[in-house]
Amino acid sequence: MATFVDLNIMNCSDVKRLQSVIEMAAHLGYSAVAINHVAEFEKKKMEIGKPLCPADLFPSPPTVQGRRRPIKILTRLTIIASDPSHYNSLRSTSTLTRPYDIVAVYPKTEKLFHAACTSIDVDVICINVTEKSPFFFRSPPISAAIERGIFFELIYTPAIKDSTLRRYTISNALNLMQTSKGKNIIVSSGAERPLDLRGPYDVATLGLLFGLSEGPAKAALSINCRSALLHGETRKTAFGITYTMKKPLVLEDEESAEEPVTKKAKKE
Amino acid sequence: MKGRPIPSEPISHERTVLKNASEYHYLKIQLVFQHEGVKLTAAQYKSLIVSAVKELHGEVGASCPLDLLKYEEKTLSAILRIRSSGFVKLWTSLTLLGQYQNQACSVCVIQVSPFLLALAGNSRELDLD
Chain Y
1 MATFVDLNIM NCSDVKRLQS VIEMAAHLGY SAVAINHVAE FEKKKMEIGK PLCPADLFPS
61 PPTVQGRRRP IKILTRLTII ASDPSHYNSL RSTSTLTRPY DIVAVYPKTE KLFHAACTSI
121 DVDVICINVT EKSPFFFRSP PISAAIERGI FFELIYTPAI KDSTLRRYTI SNALNLMQTS
181 KGKNIIVSSG AERPLDLRGP YDVATLGLLF GLSEGPAKAA LSINCRSALL HGETRKTAFG
241 ITYTMKKPLV LEDEESAEEP VTKKAKKE
Chain W
1 MKGRPIPSEP ISHERTVLKN ASEYHYLKIQ LVFQHEGVKL TAAQYKSLIV SAVKELHGEV
61 GASCPLDLLK YEEKTLSAIL RIRSSGFVKL WTSLTLLGQY QNQACSVCVI QVSPFLLALA
121 GNSRELDLD
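Chain order of the listed sequences is Y and W.
Going by the numbering used here, the first residue of the first sequence is number 1, and it counts up by one from there.
Going by the numbering used here, the first residue of the second sequence is number 1, and it counts up by one from there.
Since the hints were derived computationally from the structure, they do not count as laboratory data.
If you're wondering where the values come from, they're calculated on a predicted model, not measured in any experiment.
One or more hints might be untrue.
[To be verified] Calculated cross-link-like contacts (lysine-lysine; reagent style DSS-like; alpha-carbon spacing at most 25 Å): (1) W:Lys54 x W:Lys70; (2) W:Lys28 x W:Lys70; (3) W:Lys39 x W:Lys28; (4) W:Lys39 x Y:Lys161; (5) W:Lys54 x W:Lys39; (6) W:Lys46 x Y:Lys161; (7) Y:Lys72 x Y:Lys236; (8) W:Lys28 x Y:Lys161; (9) W:Lys54 x Y:Lys161; (10) Y:Lys246 x Y:Lys72; (11) W:Lys54 x Y:Lys132; (12) W:Lys54 x W:Lys28; (13) Y:Lys161 x Y:Lys132; (14) Y:Lys183 x Y:Lys108; (15) Y:Lys132 x Y:Lys181.
[Claimed, not checked] Cβ-to-Cβ under 8 Å is the rule here; a few derived chain Y residues that face chain W: (16) Ala159; (17) Ile160; (18) Arg166; (19) Leu195; (20) Gly199; (21) Thr205; (22) Leu206.
By construction, the Cβ of each residue, glycine as well, lies at the ideal position given by its N, Cα and C atoms.
Chain Y with its partners taken away, still in its complex shape (with noise of 0.2 Å):
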């Protein structure tokens, strides 16, 4: 069985919550979850340069229930898009985004849709659920992205905070359940608090209401979200080859200090 993870919880400077976040999702059962940093590009502040270290915030992470393993720390970069040369950092320097493990962009428009979905090296495509979608979901785009190897996400969160916004969220989900026909779909927390994080299980039912019949929703929780890092990890490195590089543990009075470091390169 595939493990579940959670692809979205918000970062916030308040370092607290944010362990009490992890530690409620470790609690409630996810293998894995990606802290989400956002970049506006209206407010011209980028922080592409350094995500959050794992390491840094937890010296020992916390055990995911049922499964006595520590919970695993991903990041997660997130480039809100209202105009196409917001795309420009995601093209040229991508040397920016190398640092994260998954990177997802929320197109405005539909033009920018349009290039996310055909165009542009990305991981995961953001579905706004906070407001009326200002654009059909047409089959074209995404179609072309389900081949591409994109996922599109959905996010839960404001639809417990207030009726109004859950909706949007049903109606947005159902719209684009209708193009997609429930592939290539992600649901995802965007939690900020602990309490507006929900167990997997709860979460798949709720695909149900979004659409979505009930393997695809388990798999929207699991096997998508696997498949949306590993393509995240082939982004990092090149398309389809990945270097390991094993740093053997150099005694002193071998003379193994001169050999180079072995380098395995694997053809996937």
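Fit chain W to the given chain Y structure using the hints.
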């Protein structure tokens, strides 16, 4: 073979296959508040759940017969019984329950099963060691 008891009635075998035999589904839930020390009676607890269903699914959803079988006031945990047809409606509205009297809360669904006996042990926190 002397000591073997001889059955007085003739032995017969019957094979019965039931598909979706259970009419009801059972849920074990726990209400979690941000601040501790919230007290709820069983009637308040049930009205909270019914109002949550009504908010998401309307009158039709709330009309589904729902029973509070067991309620523990100390831990705010309960066992609910609902018709299988209204099961998904109940579960989704419990998931989307966010506040009670302007206090942030969340419902933690611990277990669900079509059989009450299955709630005796927890399979999610199954400890094999």
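request  = Provide an ascending list of the numbers of those earlier hints which the structure does not satisfy.
outcome  = As far as the earlier hints go, not one is violated by this structure.
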